[in-house]
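Colleague: If you want the building blocks of each chain, they are given just below.
There are 2 protein chains.
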Amino acid sequence: MLNITLKQLRYFEALRLHEHFGRAADACAVTQPALSVQIKELEQTLGLALFERSARHVRLTSFGETVAERVSDILRSIDELSDVARAAEAGLSGRLRVGIIPTIAPYLLPTLIPNLRGAFPDLEGQFRETQTPRLVQELQDGRLDCAIVALPLLEAGIEELPLFEETFLLVRSEREAGTPVPRVEALGRENLLLLEDGHCFRDQAMAFCKVQSSEPREGLDGSSLSTLVQMVGAGIGMTLIPEMAARVEARAAPISLSRFEGRVPGRSIGLVWRKTSPLADQFRELAQVIKTAGLDALDEAECQ
Amino acid sequence: MLNITLKQLRYFEALRLHEHFGRAADACAVTQPALSVQIKELEQTLGLALFERSARHVRLTSFGETVAERVSDILRSIDELSDVARAAEAGLSGRLRVGIIPTIAPYLLPTLIPNLRGAFPDLEGQFRETQTPRLVQELQDGRLDCAIVALPLLEAGIEELPLFEETFLLVRSEREAGTPVPRVEALGRENLLLLEDGHCFRDQAMAFCKVQSSEPREGLDGSSLSTLVQMVGAGIGMTLIPEMAARVEARAAPISLSRFEGRVPGRSIGLVWRKTSPLADQFRELAQVIKTAGLDALDEAECQ
DNA sequence: TGTTTAGCATTAGATTTTCTTATCAAGGTT
DNA sequence: AACCTTGATAAGAAAATCTAATGCTAAACA
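Here the protein sequences line up with chains A and B, keeping their order.
So the numbering used here is basically just the index in the first sequence, starting at one, shifted up by 87.
So the numbering used here is basically just the index in the second sequence, starting at one, shifted up by 87.
Mixed in with the good hints, there may be bad ones.
Because identical chains cannot be distinguished in the list, a pair is counted as satisfied if it fits within a single copy or across any two copies.
[Stated by the list, open to error] When the alpha-carbon atoms are kept at most 27 Å apart in a straight line, the in silico DSS-like pairs for lysine-lysine are as follows:
no. : residue 1 : residue 2
1   : Lys297    : Lys378
2   : Lys297    : Lys127
3   : Lys362    : Lys127
4   : Lys378    : Lys94
5   : Lys378    : Lys362
6   : Lys94     : Lys127
7   : Lys297    : Lys94
Quick caveat, the hints were computed from the structure, so don't treat them as lab data.
Use the sequences and the hints to build the structure in full.
Modeller: Right under this line is the structure:
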């Protein structure tokens, strides 16, 4: 049983253009019999003559013409495949699905997105904001390409690359501004407002503040940093906030922000991906851009 | 240097669908290593990973997805090639460029065209009406596929297949109706109207009528049979007309038609094509249809 | 926490395909 | 009629591709 091969189509195209077996063969860098045989096999496979051979001329048959149109389309598509590859090879390109935790996304993305466009113009970033466990799941399912989360994850099969560190600031109501900053470890006894369960930032904050219970505490859990800050502004308690979010959130409520002294709480933000992903190299490139964007966002947050 | 092959694309497609090397290999009726190697080579050629392999899953990379769309298009086109061939193989189809001499075309085509459509629905006939030498030239240049001409041509490299014979009738002015029909050989001395130079029918008529001079004779050469008949109707002389044209032309002028007695002039009409044409078999099929149409046209012409 | 299993990669040797070289045959040309 | 030109064919060489056997890694299991 015979099969059409691309080689045959390439030879066919050359013969169509040169109308001469010898010259077409030269153009293909093979000998004339090699080309003759392949053309013959193509004709056998198709069951019809593609060329009319006479001593003087080699000409397409009318069937050959019909085939020729399709063949040049096919060959063009094949060559485009390599082009697509070359373009993609140049750097990150195409669709990239990035997960980001909610305590980073709103503060990082405004800086990151324009930077990404500048660094990888052919990259279409699709951002998904949700909590770490879900991000990990989607990463493992192949629904995300990578994610920006707090390290360490220590998930099997997931590669982690640290991007930057950010500290946590204390958010108190405005009237507490200037009063001494309590030690982090002491916060557990205060009216500490936390994100609702599932947010990694909740766990991180709790760890620092030596809060034991992970029970939901009515009225003290917020669904976003904004909510928490608003609650603090309303005098309900105090909370921690990642450095990066500080400036944005502080503007929106009557609160005071303080750095901790002594043991400073903080976390490491990193880029993670499946160990098996062939994009690893590209992710390292990407990390540079995210890192820069992150540090920029931190700087901006600093200048409040 | 590596090259993309259709085999690689077929394996790629299978792997994309099965997301499993072993099963994809089964589907392609090869062993798993064979498929693995080809996929790897395709990735090497393109310079980028198409699939992400983990212990659990085989998944397209985002680059792989881009490639996949194009690849299925390509494979579809390839399969269509065979379809095109199968359709064409069934019989005459596609464009067919047919030359016809002017003393046949107007009388044969009205019958032939509908018959052709009936016999070969997928055939698109393109008819070119001009004189024999030009038809032969165009045939040899590959600008025509075949031609309907008077035989014999005796051109090197041209195959001839007789279709039917037609006799020539004498056309005289109406008032000569009933008067004895002269012998063909005697016509040379009459006011014999002929087609202008280049028409084979002119030469055929001259041969029968023993006219020697092939010089243009002012006022006695017409550019078409219609013109000649009109001239006869106007009483300018007499002429010969092929049987097939008789009825159509007789209707348009006050003339009388007579059959010759004794040596009856006539000619053989045949289909001709380049000996090298791979369509020879199809032309023989085609000849049957033309023959039938020709005999029909003759019959009709008869019943005047 | 070691063991097993699943599944892709790798290797070596066999097989098939494709190529080159040499030669033929058919049409034109001189 | 001898001679080119040019495509087809044949035989052996080279290259590509396959199978079979095996390795390796990561997940699943016990």
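Colleague: Find the hints from earlier in the document that the structure breaks and name them by number, from lowest to highest.
Modeller: Violated: hints 1, 2, 4 and 7.
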